[in-house]
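Enquirer: Here are the chains, one letter per residue:
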Amino acid sequence: MIKQIVEISETPAHLRVRHEQLEITVKGKVIGRIPCEDLGVLIVDNQQATFSHYALVRLGAYGTVVVLCDDAHHPSSMVLPLPNHSQVVTRLKLQIDVSAPTKKRIWKQIVISKISGQAENLQADSAPRKRLVELARTVRTGDPQNHEAQAAKIYWQSWLHDLREQEEFRRSRYGDAPNNLLNYGYAIYRAAIARAIVAAGLHPSIGVKHIHRSNVFCLADDLVEPLRPIVDQVVRELYSSGHVELDRYAKSMILESLTQAFSVSHGKGPLLVQLNRYLASFVRCLEDPRAELEIPQQCTSSDIEICG
Amino acid sequence: MHIVGYRNMWVIVMFDLPTDTPKARRDYTEFRKFLLNDGFVMMQYSVYSRHCPSQENADVHTRRIERHIPPDGEVRVFSITDKQFERMRIFWGKVRQPPESAPKQLQFF
Numbered sequence: 001m002i003k004q005i006v007e008i009s010e011t012p013a014h015l016r017v018r019h020e021q022l023e024i025t026v027k028g029k030v031i032g033r034i035p036c037e038d039l040g041v042l043i044v045d046n047q048q049a050t051f052s053h054y055a056l057v058r059l060g061a062y063g064t065v066v067v068l069c070d071d072a073h074h075p076s077s078m079v080l081p082l083p084n085h086s087q088v089v090t091r092l093k094l095q096i097d098v099s100a101p102t103k104k105r106i107w108k109q110i111v112i113s114k115i116s117g118q119a120e121n122l123q124a125d126s127a128p129r130k131r132l133v134e135l136a137r138t139v140r141t142g143d144p145q146n147h148e149a150q151a152a153k154i155y156w157q158s159w160l161h162d163l164r165e166q167e168e169f170r171r172s173r174y175g176d177a178p179n180n181l182l183n184y185g186y187a188i189y190r191a192a193i194a195r196a197i198v199a200a201g202l203h204p205s206i207g208v209k210h211i212h213r214s215n216v217f218c219l220a221d222d223l224v225e226p227l228r229p230i231v232d233q234v235v236r237e238l239y240s241s242g243h244v245e246l247d248r249y250a251k252s253m254i255l256e257s258l259t260q261a262f263s264v265s266h267g268k269g270p271l272l273v274q275l276n277r278y279l280a281s282f283v284r285c286l287e288d289p290r291a292e293l294e295i296p297q298q299c300t301s302s303d304i305e306i307c308g
Numbered sequence: 001m002h003i004v005g006y007r008n009m010w011v012i013v014m015f016d017l018p019t020d021t022p023k024a025r026r027d028y029t030e031f032r033k034f035l036l037n038d039g040f041v042m043m044q045y046s047v048y049s050r051h052c053p054s055q056e057n058a059d060v061h062t063r064r065i066e067r068h069i070p071p072d073g074e075v076r077v078f079s080i081t082d083k084q085f086e087r088m089r090i091f092w093g094k095v096r097q098p099p100e101s102a103p104k105q106l107q108f109f
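As they're listed, the protein sequences go chains L and C.
Residue numbers for the first sequence follow my numbering, beginning at 1 and rising by one.
Residue numbers for the second sequence follow my numbering, beginning at 1 and rising by one.
Calculated directly from the structure, the hints in this document are not laboratory data.
Since we're looking at a predicted model, the values are computed, not measured.
For glycine and all other residues, C-beta sits at the position ideal for the given N, C-alpha and C.
Warning: the hint list may mix true and false statements.
[Claimed, not checked] What follows is a list of derived Cβ distance ranges for each label pair: (1) C:LYS83 / L:LEU94: 23 to 31 Å; (2) C:HIS68 / L:ASN215: 40 to 48 Å; (3) C:VAL75 / L:LEU94: 27 to 35 Å; (4) C:LEU36 / L:THR138: 55 to 63 Å; (5) C:ARG67 / L:THR138: 53 to 61 Å.
Start from the sequences and build out the full structure, keeping to the hints where you can.
Expert: Here it is as structure tokens:
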């Protein structure tokens, strides 16, 4: 089922849970009420917002991920429920025991999908796009030649090129607009995928490629890679129409992309739902070395079918 | 993906439950509490509604109600599409009020 996304940014609200429903209150008056069960992602971007402990506990129990933003409006931390999946120990063992060849094979598929997605975002028949397609085609298992980085270099150089001939875009976390929009988008997608990881009974800190001692979300960082071009696409549209501020409109466009239609093998549905299928295929890959990772693909407008 | 009004459902629960004995009153309170915990909100006394994003989800909540029916009294459950729900005419005295709108996929506060 498609879950709701709620962002608290304009009102310094107090959040509490009563009767298993999240109540958004201002000075004791309830201004919004959402059943915890229906809530997928809660983003809090107001420095005056307050929470009751019970609210965070109950939201956790329903698998809602709570994203907290800092004073620069950048998502800075997330409250993620501990896995309470029935097979959590089996899955954890599966994750730890996964062989190096399997990890490399999964990583190869992730890189191919990411580069292909990036190619889609560039102008048709342009030279950089052709180079990306070629790079995607020749990724080897484990990506030892680091096609991912090679592709990224080409991609970011020409990402905005067809919009403004002279402009060269530099992707950096603290860089100029539209870097701010990209940061927000990536952080939201990371949170969404982290939620799907936990829901599948996996641990987000055991990755297939990313290994960083202080990173708790290695697996989320791995699995989010193929989805980044979706964010890029939305941000580019925003930027080309003159939106450089991370305002309510920009946020709503980015968040709305999570409800767009995507397909995973045969099934179609909103991306937020498809992430669970993506994770299910990841688990199959861990169990069976011959299984394929099924990465959500954007549906064209003609084959959209409504589903919950 | 846009979630259209024909797929969005509202589940409506109406009940008449006895409150003549302490046990009946407790059954009544428990049923009402169950409804609130399941995401229902009171529309009128003894009339509760809940928005569901799909028919499947509406079925889930209908089945949950069936599992919590109190031993005595009458409970009616039905679901209608959001399109039908929004055509509901609501009056306060003689003044018309708009019906509750379905929660958006994305909400800002």
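Enquirer: Now tell me, hint by hint, if it's right for this structure.
Expert: To see whether the hints hold, each was checked on the structure:
1. C:LYS83 / L:LEU94: 23 to 31 Å: Violated: the Cβ-Cβ distance is about 46 Å, outside 23 to 31 Å.
2. C:HIS68 / L:ASN215: 40 to 48 Å: holds, 44 Å
3. C:VAL75 / L:LEU94: 27 to 35 Å: Because 45 Å falls outside the window, the suggested range is violated.
4. C:LEU36 / L:THR138: 55 to 63 Å: Roughly 58 Å apart at Cβ, these two residues keep to the hinted range, so it holds.
5. C:ARG67 / L:THR138: 53 to 61 Å: holds, 57 Å
The structure does not agree with the numbered hints 1, 3 stated previously, though it agrees with the rest.
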